[in-house]
Amino acid sequence: MRHEKYLLAAAALTLLSGSAVAQTILTVNIEPATTWVRNFNPFNQTSSRQSTLDFIYEPLVVFNRFDSNKPVYRLAESFKLSDDLKSIDFKLRPNLKWSDGKPLTAADVKFTYDYLKKFPALDFVSIWTFITDVQAVDGQTVRFTLANPSSLAAEQISQLPIVPEHVWKDVADPVTFANETPVGSGPLTEVPRFTGQTYDQCRNPNYWDNEHLKVDCMRFPQLADNNQMLTATADGTLDWGVSFIPDIDNVYVSKDPAHFHYWYSPSSMVAFLFNLETANENNKKAFNDLKFRRAVSMALDRKTMIDVAGYGYPTLNEDPGLMGELYKSWADPSVKADFGKFATYDADAAKALLDEAGYKDKDGDGFRDNPDGTKISFSIIVPSAWTDWIDTVNLAVEGMQAVGIDAKIETPEEAVWTGNLINGTFDAAINSLPASASPYYPYKRAFSASDKGKTRFTAQRWFNPEVEKLVTEFTQTADLTKQKDAMNKAQRIVAENMPVIPVFNNPNWYQYNTKRFTGWSTKENPFVNPSISRTNPARLLNLLALEPVK
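Position one of the sequence shown corresponds to residue 0 (numbering that gives the first Met the number 0), numbered consecutively onward.
Among the hints, erroneous ones may be present.
Quick list of in silico lysine to any residue cross-link-like pairs, SDA-like style, CA-CA up to 25 Å [said to hold, decoys possible]: (1) Lys549 x Asn94; (2) Lys335 x Asn487; (3) Lys522 x Pro433; (4) Lys116 x Phe462; (5) Lys549 x Lys168; (6) Lys340 x Glu397; (7) Lys302 x Ser264; (8) Lys168 x Pro119; (9) Lys407 x Lys335; (10) Lys483 x Asp306; (11) Lys213 x Asn94; (12) Lys90 x Thr131; (13) Lys407 x Lys522.
None of these hints come from the bench; they were simulated from the model. These figures come from a predicted structure and were not determined experimentally.
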């Protein structure tokens, strides 16, 4: 309690001094919300604050996608993969401590992974399909035995947070546990202030890398949507942001060109999808018909979505194999040659394919019905705060209605949208797949049957044993030629089946203000992925590079 009292006093002191606040408190935006709910459960995919991973619970290793996926060691100081690729040892840094001062050891790591086996609902990457055993070899060393040989074992295992055994062993229901006063390992674990309108995360007094941490606290003001985020960004309130800002040069940069900056690099693929297991039986018939999915794809005017909804920032993606610009070096040209027409806007071809497949207006309401005469009618869900995606969905609805499909838009809050995608309680949606160093990771997240009901990335509920086998084969070798062969076969199956409908790749949304802090990753010095999005563990490295302006 002593260090908590100290932090509270320090926070109160900085509030009295404007200059102290400006130099020690980094004001950021990660997520929209109508009110903050105090939840720091690192396994919760819907309700926990998006500042929980990385900043409260530090990864074993961060893999730097902007530097050839080079490992940057965090809790671990090294890892060693066995020669046969069947096991991997992680060695922790010596003398690590949790934020409450208790030792962080290999026993905590073993406990965490055993805990995920005991409570599989927490295992949001299905790690126990990837490993078969975990052992604490000694106080610093943890050995994982792999289900299959894998050259990517370190990256897979490092995706999960490590939690303290002395806290979590007594939690009765870890799925609903809010973890309101977290005990963590990362740089900013203390929460001296939390209200519905703002909360602060402040310095971990026992952080192993406090020497490099120059930010005392991160502050999270409650911002409900892109419009409020725009206001807070343009008036200089935010130091670090992740929102869509239309006409950013005029509405943001021009306000203070010396300090207000942004850098947008190609990132996550954005796609439309249908829930192939929807409870609506009539919609389910259409959604599971490949010709219907292909026709919908051809009804989407991707270029207008980019130019109008995205203000030209996204990158066109007409690759049915999902490679696009981000993974163009992995794309098999023959796949796009064979199936690319189904990922290209052509309203007349969409109508012709629907006619051919028997989708006619049987009841005279102006919209097509199933071949058996049953009604097709669905809503596409999109988070209410994401104005660029809302505009994208509205354009998609226009395109679908123009070819005779009864589609509408529905705008739940982000947490509800995420929950619906995870639970399968929706018909259609717009979604994204996180960017990675190779297409392995998005394929693994989207098409692993073991992840169903655990993550929004499997929301389409399309699984193919051959694709899963090929994705596993990808990890069983470090030979690039063999990896490409596996990915060529996998992307052909995906392109042929069109389980998701790509439209564009989002930019890596990133706005930064140099008035109070320097050291940012920039287009001129791109040392790390700088997005503060929770799907980017490297945000931790951007934080640690920041220094207050003197």
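So which of the earlier hints does this model not fit? 1, 5, 9, 10, 13
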